[in-house]
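Chemist: Residue-level listing of the chains:
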Amino acid sequence: MLAISTAFDVVERTSKDNNKTLQRTSNTTRCLNLGSYNYLGFAAADEYCTPRVIESLKKYSASTCSVRVDGGTTKLHNELEELPARFVGKPAAILFGMCYVTNSAIIPCLIGKEIIQHLKHSCPPHLYATSMSPPGVQHVISAIKVILGEDGSNRGAQKLARIRLRFLQVRAQEDGF
Amino acid sequence: MVRLPYTTALTTLFSYGLLFAFGQLRDFFRKFVDWFKAKNVKGYAPICLGLEDFYVRRLYLRIQDCFGRPIASAPDSWFDVVERTSNDNNKTLQRTSNTTKCLNLGSYNYLGFAAADEYCTPRVIDSLKKYSASTCSVRVDGGTTKLHTELEELTARFVGKPAAILFGMGYVTNSAIIPCLIGKGGLIISDSLNHNSIVNGARGSGATVRVFQHNSPAHLEEVLREQIAGGQPRTHRPWKKIIVIVEGIYSMEGELCKLPEIIAVCKKYKAYTYLDEAHSIGAVGQSGRGVCELLGVDPADVDIMMGTFTKSFGSCGGYIAASKEIIKHLKHSCPAHLYATSMSPPAVQQVISAIKVILGEDGSSRGAQKLARIRENGNFFRSELKKMGFEVLGDNDSPVMPIMLYNPAKIPAFSRECLRQKVAVVTVAFPATPLLLARARICISASHTREDLMKALDVISRVGDLVGIKYFPAEPPKIAEAGHDKLE
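Here the protein sequences come in this chain order: L and W. Quick note: the first sequence, position 155, residue 155 per full-length UniProt numbering, numbers continuous. Quick note: the second sequence, position 395, residue 395 per full-length UniProt numbering, numbers continuous.
Same shape as in the complex, but just chain W (with noise of 0.2 Å):
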């Protein structure tokens, strides 16, 4: 995991300590002249408590340009990001009609499919035209059409699966179905770094909910052996089900999940497991089924299996494969299957022939290039920046590489120039991560070139020196001539 060095640490609390003294002084200010108003009604707490609303009006809204930032084109290896101007230090943004041709690390857009495809758009096209464009209803009423129950069937052919069900909204997927599986009595043993729909849907269940270490099999047994033996609390009856979910790839750290030793130990204490692959389905293994394909694991020994079509797919919604009984039980119960919109006709047409052409099933061999391509990518990106120095999270094969930036003044300053230069990063901070991590997160692509991968690493490499967050020492010499000759 992340090792924080000790003076990195400091400068960072000392910084976040500058940031927050400020701040305070200034809300006290604010407290004293909005005192002569008088809106606060006696007795009542505020709906957006004081310390909570702290962060986004003192620290966050003073780089909030570096977040959010509007494109005005598909988000393919090069797009157009839309220049913003502030008035007011950041306070508020207007956004101008001038865009800037940038390299894009930030997208999601792992097999390319974001932008046009001449597989994948002649038919998206074909069914805008023959579904329209929503079908504005929901599943059980008028919103399944065709498409909907083909993209059913392939997706769970896809992941390995007897049966799948798709949903609309890639969020919902988690949010609404944890409640649906799992109740008052249930135990959910979830990964400390799960994704806020996981997080939300679990404490919406009513189920126990009890955290393990992230990604560590040995201490998810200490936790089971734990709660099996104590049973529910004040009664300490058995639990009536126990359920552990865990990421694919976790998208803030770009690590892949420890499945083979967490399915394991599941098995072992009978236990069901949860995989969510928002991030990993499509991007990795040889065919793209994701992290049981990866780490050879047979999908029939993952109980649940969700995913989202966001990512690789270059589309929208997403999908829980399982067997045909719990599917069934999805679609009688689930609100997001009841009561939301249907996936939209042609994002269900883009999910399939996305699919299709990473099976092959276009007559061609794009798909499997495509995944050569993004591994490829990420795995000579990630060696590349580690031999610059620069503290990379996450494992080889991952398409997801977060750089560490800890100090909060560093953020800005290295989002912001490498914008200058033309390269879009996205960076993350509290409270997507814990405050003192902050890092950028890079995503690649497989359309990103070579010539894409060598530009981005050497404005990486420049702004990282000005900034100075090469937090280890550089390759020995000898190494880095051979990566100053691959650079020039």
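If we strip away everything but chain L, and leave its shape as in the complex, we get (with noise of 0.2 Å):
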């Protein structure tokens, strides 16, 4: 039996205006999350990723305040793009603090009637956004060699399995779905 473990606090909302606005309670519901992206268990403390995290927020601290091309470049922003780029299978990488923007600024620098289009010398969230926050970064990294196994255990391998759902396949047929 396979159990699973991810549930999170709701926190309560009342509302005097038929839901025009809502004011928070201090009241919370222990409930079943069945919304995040939460899909290998990493959005909560892990053994082998928080550890490493809190040492880097120490090293380095929350945020380099600075573009990538000034200040904004720790070793822990260089090992990262060594790493998806072989995760992935690609030569090279480039990292942007904000998921968003990673498609939105990127497809203007690829093509268009612009010209001298270099992602890291033209492209504007590589030279003017603040980069990546280093535990965040650490984070990825410590994520990437989880799923390797880089960890020296199978912890990674199991989560890829268990993502498979194959639980929640068996009770699904099970009920005639």
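Read the hints as simulated data drawn from the structure, not as lab findings. Do not rely on the hints blindly, as some may be mistaken.
As the list claims (entries may be wrong) - Derived Cβ-Cβ restraints for the label pairs, each shown as a range:
hint, chain 1, residue 1, chain 2, residue 2, range
1, W, K184, L, T50, 44 to 50 Å
2, W, R157, L, A85, 22 to 28 Å
3, W, D141, L, N19, 17 to 23 Å
4, W, K331, L, G89, 54 to 60 Å
5, W, F22, L, A85, 31 to 37 Å
6, W, D88, L, I54, 39 to 45 Å
7, L, L32, W, S333, 30 to 36 Å
8, L, I54, W, T99, 55 to 61 Å
9, L, S26, W, S333, 44 to 50 Å
Unchecked claim - Heads up, simulated DSBU-like pairs for lysine-lysine below, C-alpha to C-alpha not over 30 Å straight-line:
hint, chain 1, residue 1, chain 2, residue 2
10, W, K146, L, K16
11, L, K20, W, K129
12, W, K240, L, K58
13, L, K58, W, K146
14, L, K75, W, K129
15, W, K91, L, K16
16, L, K59, W, K146
17, L, K59, W, K130
18, W, K146, L, K20
19, L, K90, W, K31
20, L, K20, W, K130
21, L, K16, W, K455
22, L, K58, W, K328
No residue lacks a Cβ here, since even glycine has one placed at the ideal position from N, Cα and C.
Take the two lone chains, each set in its own frame, and fit them into one complex as the hints suggest.
Modeler: In structure tokens, the structure reads:
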């Protein structure tokens, strides 16, 4: 029997005007979380990732408060650019601190009437945006290492197997869906 | 605008032609050598097209030591410039641990807040202890502190609008806001020399974009009449809305916007106005409120006011100030508000403190003194440069003054020689300017002393003679003598 452990506290809200405005209360309800994109379970504390993130927080602080091309590149940023490239099987990679902008600012750099389009020389989020937070970078590094098995265990493989939803599929079939 | 002398145009074209020919020759041999490697996959267009990539490889790299020079201290009136070396003719540059103390004519340090300040710095340090270096969160999640709320109110009051919204990144203040204000079926009329962030925002919006001649209210009216009469492309239906986008000070020209005339035209044809005060806010106007104050325009007549905190206030990020309804709309729909890390709390405190100094709310008159000094410094420097025979763009009261260089060989010559004489200047060339209109852009600061400016004028005059960029005759001998006396 697989134990589904992902539950969280949902804050209760009230409304006095048929939901036109909502007020938060201090009450919470423990709920099973079927809504988050927490596919591999890294959103909560993790035995491998969390201690390393805390260490990087002490060493690098919460934010570089700087752009990549200024003072915003640490060893972690360089390491993480190498790791996703290896992970996905491409020669090189570039990081952005905001996933929305990874698409919205990159596509204009790749195509259009603009001239001299080089991501690291002309891409606005690389030149002007605060770089990715070092603890955030460390968390991704640690998560990828767990997935690759480089943390010295097979927890990554287990997570990947578990995400395939065997338990839910079996129960769904049993109930006739 | 720029009056390009014929001989200068001919020599500049010849120089670029020569560089182009040699570059193409080298590319030909490079292609011949690479042919044996056969890396290219047949049928696909290259991601970096050859001709677009050509400029960087064959022209820019040759003189890239003149751009992006690293510094090793706060960009105050004097700062430490890091020395760099190259073993491959500037293809790559290595930093050394040596620095040179130089007079800083390149930073947008208009009011001198880039260095430690007696009022701002202690408050920033306190906010760092209280709030930490970053919220590491978006505004709508955990990224709003009391400081953010306070700065939004203070910004709105400072520029004279009912409400304001902050962004952590100055560039995105334009490139992400414009798509939220207008879309398909709308018309954007943009000044021909607007900043790249405005251009990207306008393109990303999906609205139709038309351009009017730089700072020309007459041509703006002509474009408005033509576009309103013609309506939307093909269908000819009326435009859903029209926004005219202009800048307060054009950073490559040092020129002030002709705002009163442009506002009059926009009101006549019922077009919205969007004013980008990235450079002008804090730097011009009796109390630093920008071009509206300087040119006598009521802020209520400008629909959307944009500015950055990166220049006069010594911080980072930007703002939009507008009606409460527009700001509320942006807070619900703008990706820079919903997805980007919020502005760093100490950076917010820096702006709050700087604005209070400017407004005199720090209990002293330092703000008024700074504003008076930058005006005096700027106008003095500009008039002296013109007397010496330099071609200086821009208007009085503007702290930005481009000196025309034109010829590509003069870009590195001017930059390197000034650096050798301990004056740091920023040279600007294609693609930031048109190909033939290279220039050096001087930025004046309130922290420059009269002695600093005298030294700078002396160095620039000597280097100007050496390099040959005094395109106009100097002032008549009598006044020239007076100028000479001042220089001694």
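Chemist: If a hint holds in the structure, say so; if it doesn't, say that too.
Modeler: Cross-check of the supplied hints:
| no. | hint | in the structure |
| --- | --- | --- |
| 1 | W/K184 - L/T50: 44 to 50 Å | holds (46 Å) |
| 2 | W/R157 - L/A85: 22 to 28 Å | violated (49 Å) |
| 3 | W/D141 - L/N19: 17 to 23 Å | holds (22 Å) |
| 4 | W/K331 - L/G89: 54 to 60 Å | violated (41 Å) |
| 5 | W/F22 - L/A85: 31 to 37 Å | holds (36 Å) |
| 6 | W/D88 - L/I54: 39 to 45 Å | holds (43 Å) |
| 7 | L/L32 - W/S333: 30 to 36 Å | holds (32 Å) |
| 8 | L/I54 - W/T99: 55 to 61 Å | violated (36 Å) |
| 9 | L/S26 - W/S333: 44 to 50 Å | violated (30 Å) |
| 10 | W/K146 - L/K16 | holds (27 Å) |
| 11 | L/K20 - W/K129 | violated (38 Å) |
| 12 | W/K240 - L/K58 | violated (53 Å) |
| 13 | L/K58 - W/K146 | holds (26 Å) |
| 14 | L/K75 - W/K129 | holds (26 Å) |
| 15 | W/K91 - L/K16 | violated (67 Å) |
| 16 | L/K59 - W/K146 | holds (28 Å) |
| 17 | L/K59 - W/K130 | holds (19 Å) |
| 18 | W/K146 - L/K20 | holds (25 Å) |
| 19 | L/K90 - W/K31 | holds (25 Å) |
| 20 | L/K20 - W/K130 | violated (35 Å) |
| 21 | L/K16 - W/K455 | violated (69 Å) |
| 22 | L/K58 - W/K328 | violated (38 Å) |
Hint compliance for this structure: hints 2, 4, 8, 9, 11, 12, 15, 20, 21, 22 are broken, all remaining hints hold.
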